[in-house]
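Chain by chain, the residues:
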Amino acid sequence: MKFKRVYLEKDLGDNLFAQNIVKHFPNLPVIEIDKYDNYFGKFRKSYLNKRHSLDLFIARKKGLRVKKAPEAYGNKGSPHYYFVHAYNCVYECEYCYLQSYFKSPDIVLFVNHEEIQADILEIYKKESLEHSTVCFHAGEFSDSLALSHISGELKSYFEFFQKLPKARLEFRTKSSNIKALLKLEAPSNVVISYSLSSENNNKDFDHKTPSSTARLKAIAKLQKHGYKIAIHLDPIILTNTFKEDYRKLIQDISSTLEIENIEHLSLGVPRFSKEAYKDVFKHYPKSKLQLSPFKCGSQGKYRYSDEVKDSIFDFVKRELLSSGFSNKQLYLCMDDNEKF
Amino acid sequence: MFFFDFSEAVATSVPTNGGCAKSDALTKLLFSHSPISNRLPAVNLLIFAHYGEAQSFLSSASKLWQKGSMSLFAIDEQNLLLICGEGIEKAIHATSYCLGQQEAKIKRIYNFGVCGCLEADSNYTIDTIYSISSVYAYSHLDDYSFRSFASQDSQSPHSCISTPVRILNENQRTKLNYAAALVDRELWGIAFSAKTFGLPYYAFKLISDFVKKDVNCFEIQNKALEYSQKLFQHWMDYKKQSLNEHSLDQQISSALEESGLHLTQSLKDKLYKEFKKLQILNEEPIDSWVAKFNSEIQNENLLPKQKAKFLLKRIEDTLNPHLRL
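As they're listed, the protein sequences go chains A and B.
If you're matching positions, the first sequence starts at 10 in the numbering used here and goes up one per residue.
If you're matching positions, the second sequence starts at 1184 in the numbering used here and goes up one per residue.
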């Protein structure tokens, strides 16, 4: 992936994060603009443009910068929030909701981290009165590590969160780009949270992402460096080789990582809005997702039937428990944990 | 095999440079909403802004009608050609007018024409034709239209922006170029009408120049014949390629025809769908899949219709992984 142009909001000329990002692209034209949203999202830009002509916006995030996460987003018992530091992702996962979420595949990096952190602090002050842990997630609208060597904000968040003892910061990623993380000391309240899928699913559905093996190697390095690790087996896509594939993945996880030190492991299956489901096959007409048994539910969402879903979760849970994971480490992401 | 013969139409049509008279016989066939017109084969509508770009397509065409700057021609039994005139408004007007009358018979729309390129230092080259994936619009109000239209060629990396304004400064060029590398005056209007009528569209654009202030419009006009020939050749090549791409459909049809199975239409439709999915999973040719299935069940005492149902179940079992849980 190569960027074609950099669009920089004029008011950010003095922002150090913005300056450093621009320095990464000495050969790209830098176009000064008033506001990123005069361009980004003004019309629906073809999603597949990202393969050939991706633009980078450096902008100030206005409006709601920290949002309440939906129910069942993370482990029960703690309030969960995510903060918005970027829009869009350099990877191309066939099931990704970003295909239809934004009107453009271009990347927006928000650089007003001080304002984002001030908003986090405000929520923290309120929530920490009632809860022993308040969770903040990065990576809801983007991969939180893939461009971290360019965006350069990790250190600032680590330092900020060290002052918030009851807070927990979770970075969601598929990236093996861990150079920036290895340069920093691992704070005790930061969790690096990896999405993993079987090697076959990775090959068929997660385009331009590091292989599962590369991700596992990166996780092992981070674990050795002292980082807390979480894993998401999400989305688990049902294929003809699902059982063999996930058995192998779980064996690889348990042979590569110290599983007793994994903070938590969540399971999830794909779910699509009607528009997102349509977009998947528009963008990937030969996608093997069409072979998976999705049903359109009463709310117009495409998902597996409860029977299929339960069978998937039962199988994976059994494999995880027999590999040494404890029940306490496991939960379902965006699903009913009562039966699990 | 074509349903109707254009020879009569050609014989009664006006010369291509004629007025607004109509070819009676052909016009009746093409325009009437009688039961006959519903049985006519569906045709393509090729749309050009100017006669100059279209001229190579019109060598044996007959004019069906002309109204102001718009004219409709029949190129052959499968293709009509519309000259829509220049600009987004004219493109919407002409395309919608034509589709409003022809709706029942037009199956897809193709836009051919020249365009400018906003990126002089890019990999785009003059005189080359690009298939467009999406079209955007820039309005008189110096802003984007929020509506954009995706063509049937969603995999193409090339987009186009239609604009009614002449690009006079760097700021405008930057704004347009954020949306697309190619710029024209009509495509958005054509795509808008296509969407209104629920029809798919394709667009092929030949780059005539890199956009700058002092572009020589006369030079571009003088090359109209050359551009038209290139576009026509592209159309010929495209048609050949499309025929090859339909081979999967043909493979399935002939495998089913030769299978010796008793197939009702609904069973045929289901098998057709499932075979298409099977091709995603498996590279094995359809005919050998069917042959293998036939040899496996030859000793079973099944009626042809039962065999067909059994075949469908076999494919569904192969395709549906949840049955293996």
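If you're looking for bench data, these hints aren't it; they were derived computationally from the structure.
Computed from a predicted model, the values in this text were never measured in an experiment.
Idealized CB from N, CA, C, for every residue including glycine.
The reader is advised that the hints may include incorrect statements.
[What the hints assert, rightly or not] Which chain B residues stay away from chain A? Per the calculated CB distances, all over 10 Å, these:
1. Tyr1280
2. Ala1364
3. Lys1413
4. Ser1425
5. Asp1432
6. Lys1460
[Said to hold, decoys possible] Chain B side only, calculated, beta carbon under 7 Å to chain A, not exhaustive:
7. Gln1335
8. Ser1337
9. Leu1408
10. Asn1465
11. Pro1504
Closer than 7 Å between Cβ atoms is the bar; does Gln1335 of chain B clear it against chain A? Give me holds or violated. Violated - the Cβ of Gln1335 of chain B stays beyond 7 Å from chain A, reaching only about 10 Å at its closest.
Taking the closest pair, is the beta carbon of Lys1413 of chain B still more than 10 Å from chain A? It holds; Lys1413 of chain B is separated from chain A by about 23 Å at its closest Cβ, greater than 10 Å.
Examine each Cβ of chain A, and state whether all of them lie more than 10 Å from the Cβ of Asp1432 of chain B. For Asp1432 of chain B, whose nearest Cβ neighbour in chain A is about 14 Å away, the distance exceeds 10 Å, so it holds.
Can you verify the interface hint for Asn1465 of chain B: is its Cβ closer than 7 Å to any Cβ in chain A? Result: violated, 10 Å to nearest chain A Cβ.
With d taken as the least Cβ-Cβ distance between Ala1364 of chain B and chain A, does d exceed 10 Å? 8 Å, violated
Using 7 Å as the Cβ threshold, decide whether Ser1337 of chain B counts as touching chain A. Result: holds, 6 Å to nearest chain A Cβ.
Restraint satisfaction for Leu1408 of chain B [CB to CB of chain A, less than 7 Å]: 32 Å, violated
Classify the label on Lys1460 of chain B as holds or violated, using whether its beta-carbon is more than 10 Å from each beta-carbon of chain A. Its Cβ does come within 10 Å of chain A, the nearest being 6 Å, so this is violated.
Does Ser1425 of chain B clear chain A by more than 10 Å, comparing its Cβ with all Cβ atoms of that chain? 15 Å, holds
When the least beta-carbon distance from Pro1504 of chain B to chain A is tested against 7 Å, hint result: 5 Å, holds
Does Tyr1280 of chain B really sit off the interface, with its C-beta more than 10 Å from all C-beta atoms of chain A? 26 Å, holds
When each numbered hint is compared with the structure, violations occur for hints 2, 6, 7, 9, 10.
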